[in-house]
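Line by line, the protein sequences are chains A and B.
Note that the working numbering numbers the first sequence so that position 20 is 20, with each residue one more than the last.
Position in the second sequence (from 1) plus 1000 gives the number in the working numbering.
Keep in mind the hints are simulated off the structure, nothing from the lab.
Note that this is a predicted model, so its numbers are computed, not measured.
Mixed in with the good hints there might be a few duds.
In silico DMTMM-like pairs for lysine to aspartate or glutamate, Cα to Cα no more than 25 Å straight-line [stated by the list, open to error]:
1) K6(A) / E109(A)
2) K1141(B) / E16(A)
3) K1139(B) / D83(A)
4) K27(A) / E109(A)
5) K68(A) / E109(A)
6) K1139(B) / D66(A)
7) K152(A) / E1110(B)
8) K1035(B) / E109(A)
9) K154(A) / E1110(B)
10) K1138(B) / D66(A)
11) K1086(B) / E109(A)
12) K1062(B) / D66(A)
13) K1145(B) / E109(A)
14) K1149(B) / D83(A)
15) K1091(B) / D66(A)
16) K1145(B) / E1135(B)
17) K37(A) / E109(A)
18) K1141(B) / D83(A)
19) K1145(B) / E110(A)
20) K1088(B) / D66(A)
21) K1096(B) / E16(A)
22) K1015(B) / D66(A)
23) K1138(B) / E167(A)
24) K1064(B) / E167(A)
25) K114(A) / D66(A)
26) K1061(B) / E109(A)
27) K1115(B) / E1135(B)
28) K1060(B) / D66(A)
29) K1132(B) / D83(A)
Listed next, with one range per pair, are the computed distances between beta-carbon atoms [claimed, not checked]:
30) L1034(B) / K10(A): 51 to 61 Å
31) I48(A) / N1133(B): 32 to 42 Å
32) A1079(B) / K6(A): 29 to 39 Å
33) N1037(B) / D166(A): 27 to 37 Å
In this text, a Cβ means the ideal position worked out from N, Cα and C, and glycines have one as well.
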Amino acid sequence: MKKLKKKFKKKSSLNELSNFVNFRFKKTYFVPDSVFKLLIKKIKSKMICARENHAVAMAFGGKLIDKKCLIMMQNSGLGLSIDSLIGTFDLYNEGCVIFLSNRGKLDWEEVQHKKWGVVTRPIIKSLNFKFYNFNNEGMLAVKKAYKYAFSKNKIVIVLFERGNIDE
Amino acid sequence: MNKLNAIKKIILSNKNSIFIISNGLTSRIANNFLKNNNSFYLLHAMGETLSVAIGIASFKKKQKIVVIDGDYNALMGSASWHHLKKFKNIKYYILKDRLSTTTGFQEIPELCIPKNLGINIVNVKNKKIFTKNPESPKKIKTNFKNYLKNIGLI
């Protein structure tokens, strides 16, 4: 019988990740996801948003006054955010970092997440957005994403798998 | 009142403000006939005008920020309306003609506006005004950010 994979390996402590976020980003605009549940608690300056596309637009407003903001959402939120990302950061040539949880990759996850687990990476690739894999590189992925986004003025996604950080 | 005069009136009555102007005919008219460097013109990002302003307001609580939105854009962005309670430095105007003008004048649903958010509705006439697209995103951003630097906002 096939053994179900419970979760991916832990790649960073919450403290290390939240310290980086609190030090480097002026504010985090987010739509909650359970993968980021404990991380959100540790972020000092944050704003919950009704929809992911609005989180993107708010972070863009922040960037217009030179504040580097983080956007955090579940992979399904990427679907709502694409037009907003293209119509703000991409069109006006500004950089941003998005923490994206890759829900739907594990066998036990609910059926409503499955499709997003399959299509998330192809969608990111088709959009030609730079992305780093937290599951492979841990904190280095976040550091690289930050540097790339704000030195090249590009949209950069950091993809988190379930289990990579404490939930 | 036509859309051009409505936008002109809003700009003249809000001195010392910065303006975030929605995509579609609103940005086209404002950029082609009333261009100023203290305005940021959205070219796309439908329904995000208010959210962009909220992003600025969340750092600059004393700066007066005026949002000029079309009613269809406002409808799309209505999930952000609740933030208006928190950000008193945002003045939100919705130009209401109940039409999606740049896509062929389709009729749109009536907005249901909560009374306690201070949203300003300006009824505008359904006059056809054909205007070219606003200037390039690069120019829009450069002019706006230079203005913000000059007033010490960044």
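Status of the hints after comparison with the structure:
| no. | hint | result |
| --- | --- | --- |
| 1 | K6(A) / E109(A) | holds, 9 Å |
| 2 | K1141(B) / E16(A) | violated, 35 Å |
| 3 | K1139(B) / D83(A) | holds, 21 Å |
| 4 | K27(A) / E109(A) | violated, 30 Å |
| 5 | K68(A) / E109(A) | violated, 33 Å |
| 6 | K1139(B) / D66(A) | holds, 17 Å |
| 7 | K152(A) / E1110(B) | violated, 43 Å |
| 8 | K1035(B) / E109(A) | violated, 52 Å |
| 9 | K154(A) / E1110(B) | violated, 38 Å |
| 10 | K1138(B) / D66(A) | holds, 16 Å |
| 11 | K1086(B) / E109(A) | violated, 37 Å |
| 12 | K1062(B) / D66(A) | holds, 17 Å |
| 13 | K1145(B) / E109(A) | violated, 45 Å |
| 14 | K1149(B) / D83(A) | violated, 29 Å |
| 15 | K1091(B) / D66(A) | holds, 22 Å |
| 16 | K1145(B) / E1135(B) | holds, 15 Å |
| 17 | K37(A) / E109(A) | holds, 17 Å |
| 18 | K1141(B) / D83(A) | holds, 19 Å |
| 19 | K1145(B) / E110(A) | violated, 45 Å |
| 20 | K1088(B) / D66(A) | holds, 22 Å |
| 21 | K1096(B) / E16(A) | violated, 49 Å |
| 22 | K1015(B) / D66(A) | holds, 23 Å |
| 23 | K1138(B) / E167(A) | violated, 41 Å |
| 24 | K1064(B) / E167(A) | violated, 40 Å |
| 25 | K114(A) / D66(A) | violated, 38 Å |
| 26 | K1061(B) / E109(A) | violated, 42 Å |
| 27 | K1115(B) / E1135(B) | violated, 36 Å |
| 28 | K1060(B) / D66(A) | holds, 12 Å |
| 29 | K1132(B) / D83(A) | holds, 22 Å |
| 30 | L1034(B) / K10(A): 51 to 61 Å | holds, 55 Å |
| 31 | I48(A) / N1133(B): 32 to 42 Å | holds, 35 Å |
| 32 | A1079(B) / K6(A): 29 to 39 Å | holds, 35 Å |
| 33 | N1037(B) / D166(A): 27 to 37 Å | violated, 47 Å |
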